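Residue numbers (full-length UniProt numbering), protein chains in the order written: chain A, 1 to 264; chain B, 1 to 258.
Hints were generated in silico from the structure; no laboratory data involved.
From a predicted model like this one, the values you see are computed outputs, not experimental measurements.
One-sided and incomplete, this derived list gives chain A residues near chain B with beta-carbon spacing under 8 Å:
#1 G160
#2 Q161
#3 I179
Okay, the calculated beta carbon distance ranges per label pair:
#4 A137/B x T74/A: 29 to 37 Å
#5 A156/A x S12/B: 25 to 33 Å
#6 D69/B x A156/A: 31 to 39 Å
#7 S111/B x D224/A: 55 to 63 Å
#8 D123/A x A137/B: 50 to 58 Å
Built from N, CA and C at the ideal position, the CB exists for glycine as well.
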Amino acid sequence: MKLSPRRRRRVFRVAGYVIFVLVIVAVLAAADWGRLSDAFFRSDVAGSMFPEAITIALRNTIIYTLLAFVFGLTLGLILALMRLSTILPYRWFATAYIELFRGLPALLVLFMIGYGVPLAFPDREIPGGVYGSVTVGLGLTAAAYMAETIRAGIQAVPKGQLEAARTLGMSHPRAMVSIVLPQAFRIVIPPLTNEIILLTKDTSLVYVLGVTSSTIELTKFAGDTLNSRVNPTPLVVAGLLYLVITLPLSQLVRGLERRAARER
Amino acid sequence: MAAIEIGGLHKSFGSLEVLRGIDLTVETGEVVCVIGPSGSGKSTLLRCVNFLEEPTRGSIRVAGVEVTDPDCDIDAVRRGIGMVFQQFNLFGHLTVRENVTIAQRRVLRRSRAEADRIAGVNLDRVGLADKAASYPAQLSGGQQQRVAIARALAMDPQLMLFDEPTSALDPELVGEVLAVMRGLVADGMTMLVVTHEMAFAREVASRVVFMDGGLIVEQGPPAEVFGKPREERTRAFLHRVLEPTRVSESEIGAHLTD
Ligand SMILES: Nc1ncnc2c1ncn2[C@@H]1O[C@H](COP(=O)(O)OP(=O)(O)OP(=O)(O)O)[C@@H](O)[C@H]1O
Ligand SMILES: [Mg+2]
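Please construct the entire structure, taking both the sequences and the accompanying hints into account.
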């Protein structure tokens, strides 16, 4: 029997769906749901995590994220401006910094801050205790990514904008602050929001700095509960709480990108 | 004192010599129109006057101030020079009113009320008082260019530079921008205008400057430059732009080889 091209396409498409569904069903059916739910969905274990899971762990996760983001954004902006500077040593420094910190795992940087800074400056410490160390430790890496994003945003603002501003008598810094950067930031809001999502997840590395019961964040909190209750339900609780932060943010990014696409 | 005095101006981009010795004086109150083929260095000349391009060699005095002097406060000089670009360059994140007030406030330190008042006067002057709350993207090209003119005028410039202000416009929008410029001429504004609008140049210019290959080939009153050009290159150029449908094959050949 010979099929017309249209019928053939339809047969292939239906076959694709069927295989897709069969694979998922097979995986789900093969899993031992009884044991899984005994392990991961124990309501008594989950219940025992509240309210601390929210009042302390989720709260700290959000605080760490915001602190690191603000630090990273500020440093990233400075690096982006250095990268675009006419002064060669500034460009070198910014390029070297960005390459270095994009190439290192965030965990390693956190370790270095946690152990290196006390050795290097024995009489001082980073202000703010763990909060300060997290801000710097995660912010240093985030700054490298954000610098590149901001640089691209600045370069996406047409050159004529700066020229028009200078022509009106604005100094270069004034023109950057009043004219170029506001437009650059509009362009980079979606990628910067993505950066917050990545940072949220990176706060799970903070445990290497040694956190206490008041500075604990979600992942460490879940891990500790898992150990004390000998049950992995806390991982599910922590996972859901991460999604509470990240899903609205991804939604926001999508909305912003749609709006940007419309305006173009 | 002349509004602009240019002497021995050279400008190179790398090995490309774009201006090859320009001498030009614009007296206060004069309207000088610069014409010439694409790539002849007209924009570069204009951009050297307010130091958007740094001259390679030569001297440029604006109202007696040497802009090539390293000690020159270029921002102060630019405050006295309005510039209008081919691509309008309105600030896209600001409303029309904010476009016209931001430099008044940040550079001239005028109060908000004063800046708004002056913005109103100048938007009225270009016929766009009712668009103060709009964003540039909501305006036609002709309206955007008129806002750009109002933005420059709000700084009370002594001199206006125009770089092909109508070249990016749809033909039916050219007239409204030229009308605003005619108004400026009538008010006695000193203007240096790069343009392809020959009829406009003929009508309003005190002097027409024809540039080719980085040099001023010929200049004089419009009646002379358009009526009986002395130089062959001027004649060929005017023939090409005034009667584009009647350019002969041999002329194109001559143009390409020179
Ligand atoms: N920033 C730059 N870098 C390198 N070359 C440049 C630069 N600006 C202009 N040029 C070159 O200088 C020459 C003169 O340019 P200019 O823009 O002054 O010409 P123009 O007379 O204004 O031409 P048009 O009528 O097309 O606007 C052109 O060959 C151009 O490619
Ligand atoms: Mg030009």
